[in-house]
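A.B. asks: The chain contents come next:
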Amino acid sequence: MSTARRLAALAATALVPLAVLGVFFVLPVSGMVGRGFWPHGHLDVGGVLDVLTRPEIRRAVWFTVWTSTVATLLAGALGLPAAYVLHRVAIPGRTWLRAILVVPFVLPTVVVGVAFELLIGQSGPLAFLGLDGSPVAIVAGLVFFNASVVIRVVGGAWESLDPRPAEAAAALGASPRQVLRDVTLPALRPAIVSASTVVFLFCATAFGIVLTLGGLRYSSVETQIYLLTTNLLDLQGAAALSILQLLVVTLLLLAAAAARRTPDAGVARSRARLRRPARSDGPALLATFVLLLLVVGPIASLVVASLRIDGAWSTANYRALQTPGAHQALLVPVTDAVVNSLRIAVDATWMSLLLGLTVAALVTRRSRSRSERHLRAVLDGLFMLPLGVSAVTLGFGFLVTLGRPPLDLRDSPLLIPVAQALVALPLVVRVLVPVLAGIDDRLRQAAATLGASPVRALAVVDLPVIWKPILAAAGFAFACSLGEFGATSFLVRDDRPTLPVVIFRLIGHPGDLNFGMALAGSVVLGATTAAVMLIVEQLRVPSVGTL
Amino acid sequence: MSTTRPHLRASARTAAAILLAIALAGCSLVGSDDKPAGTKDVVLVTHDSFVLPKQLIAGFDRQSGYHLVVHASGDGGTLTNKLVLTQGDPTGDVAFGVDNTFASRALDADVFAKSDVPLPAGAQQYVVPGDDGRLAPIDNGNVCVNIDTGWFADHHLAPPRSLDDLVKPAYRGLLALPGATTSSTGLAFLLGTIGRYGDGWSAWWRKLVANDATITDGWTQAYETDFTQGGGHGKEPIVVSYDSSPAFTVPKGSHTSTTKALLDTCFRQVEYAGVLTGAANPEGAKAFVEYLLTPAVQKALPDAMYVFPVRQGTPLPTAWARFAVQPQHPYTVSPAQISAHRDAWLREWSGIVSG
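Protein chains in written order, with my numbering: chain H, 725 to 1271; chain D, 10 to 364.
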């Protein structure tokens, strides 16, 4: 095929994902940013740049940078050993542990805030630590939230990592530490870089955690955008910060792409052989244990609080989930919201998988020319952008730009799943890309030479390798959708709410029962997600033999 | 879990996965359209504290022949800004929940259309000065400092009575309050202090922060988590809440409330409803505003949204009649002044509490 034809084919395949991204991301965000740049009908770039010199904005930027950096490092320090332990070591109950450790990721941030408050707040068991309202609490919350991303992304890669090079190195006399440093970690570099990028962006755009755990003494870029947009209606300021966010995401993605590039990361189709815990696994087991404490502590305090009423054990909070709450806090019973959430999550999952697979396939195919390679790299970055942009900007953008024909989509029931799919898309892409990139293109060529059609080549070469990661990505997308709050809260209808929206409303309404129901609802949300993750684990189709 | 599985089991699992996928597909929203046929929607845009009993919402559908759809998100400030941003192309027909702290912004931005809804006796006093029949007052309530009376008795400490008292060393570390930039309750309280101290407000706030007040992002955390009488049984016996809050802290079987509102610390909030400019269904919108002012809805407001009705002669719930005492002379700041200075005040306030 000629270069021009290849590029045309590439563009055609990219058309659907690009159109979705254009309508549901680029248009809304540029709509909001545009209003900041053209405040009174004429362009005012100076006014936008001036915003960045305000002291409170500079403080927020610095706070965001340092908390996100520390939280990313800690999430890696705890998540990497845990990924190893949970995916390569034969420890009892590891399926359950994996499911538990992923729960924080889907809890709505407001619930994470409440869970931490129950633990470290003034009347909590850890009140003596004096962490309430401190940056330490914020960083702990961010690590709590994001370690599961590291475990999932890196664990998947670790599990399908060919063990033979490491075994060979060990046989040649390398110590376990040397094997880890010289063989295993370099092979995992793409996955680790992917996970760290995603975690940093999640931390930098964390909103609920900073607000609930930091009180108002600390503000991040994201909370500043919220304040400027929803309270002060200072669209110029919000635009300046949104542009800054986009810039940071772009730079970060460029750096990550450079760091990810490995000469030949050949992902072999070997199934992980679990090893027995050895003495050398001690530090890793310890890190996993610490992480488990960090995750289980707040979750346990949440579960306990949901089961206590007036100092006695009771399931009344759970039974009340069949009602719309005390003082008619809701229009529909919480159970209806659970069903709604599940339905929306199903749609969001298939949408993000469809888009994610297309994008991942597009960006991982071997390029035949420099321009083609650039084009694929740009596409890769483009679909990561939603990670780094404020949900407030996106949510308001939907309202502002999607209300008029031909894009009168504001009231479409599919808008919520589409928005959630976009939020989940970068994760799906990041889970799939390292695996697809690891497939040796010569296998596809061989299949083609032997007379296989492209579809058949896909089925026999790509599919057996990518089955597991697809399921993992599906679980992630489903979980993402179940827990999504930011964009959803702008679009949701009261008679068809999602579970996180309902929890948020219950927390906001006076009355012990409503508070208790919010806790019970959070437990249900966490348990549902854990159950989904467990099913995904059970469904894991064993790979089709080794090469 | 064993690590090797026969391939037969693998195919069984694949089959299970496909079955599950099909089952889940039945849950999809694609192709579902459950809009009731033959009725015209009235879309209400409101904040997330909006609550009305189901019967009353059904009652509106029945009486008016329209179908009410509720879109609720954010607080009163978010709501107002959402309306301003979508001016002329609103996300609904009627809005409820813009309050007197934000009303001028909405009126200046031409968000509401003239609808001339007839007001019941008692409501006229709450109309925004200078408004020409666009915003109808629906309810009112006062943001006041609340105290846990039992806590002060147990600790043999005289409870505070005024804003001046709150910055005294005796009450150090005893107050929790929602912030003005993230909570409409907090904003109302800030305005109350501005009404009380004028330009001296910032000095008072500096003293308050120095006196170790806990400033939270929302009312919920201040009241439910930090306040001693809230759901989370916190550690602080003084909290910024509402004049109606004491009606909700009467223990079962008791005849007294465990909390009290300090009536010399209050700022009055009035919530409005109006027909949106560019509404698809202005008649339905107007019908809903009128419905909010009917005796049935006005009577339900206290239990549903913890606010007082504007309609004269509306009976209050028993607990309210006893424990929810309204202040006679709350602090006031005119909507025009709020509109002119709100952003500057909030910026300065933000600097004080995060400094």
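Hints were generated in silico from the structure; no laboratory data involved. A portion of the hints provided could be inaccurate.
Said to hold, decoys possible - Pairs of lysine to aspartate or glutamate residues, derived as DMTMM-like cross-links and limited to a Cα-Cα distance of at most 25 Å, are as follows:
#	chain 1	residue 1	chain 2	residue 2
1	D	K261	D	D163
2	D	K63	H	D1060
3	D	K261	H	D1060
4	D	K63	D	D312
5	D	K63	H	D1219
6	D	K216	D	D312
A.B. asks: Compare the structure with each hint and give your call.
C.D. replies: So, going through the hints one by one against the coordinates:
no.: 1; hint: D/K261 - D/D163; in the structure: holds (21 Å)
no.: 2; hint: D/K63 - H/D1060; in the structure: holds (15 Å)
no.: 3; hint: D/K261 - H/D1060; in the structure: violated (30 Å)
no.: 4; hint: D/K63 - D/D312; in the structure: holds (13 Å)
no.: 5; hint: D/K63 - H/D1219; in the structure: holds (11 Å)
no.: 6; hint: D/K216 - D/D312; in the structure: violated (36 Å)
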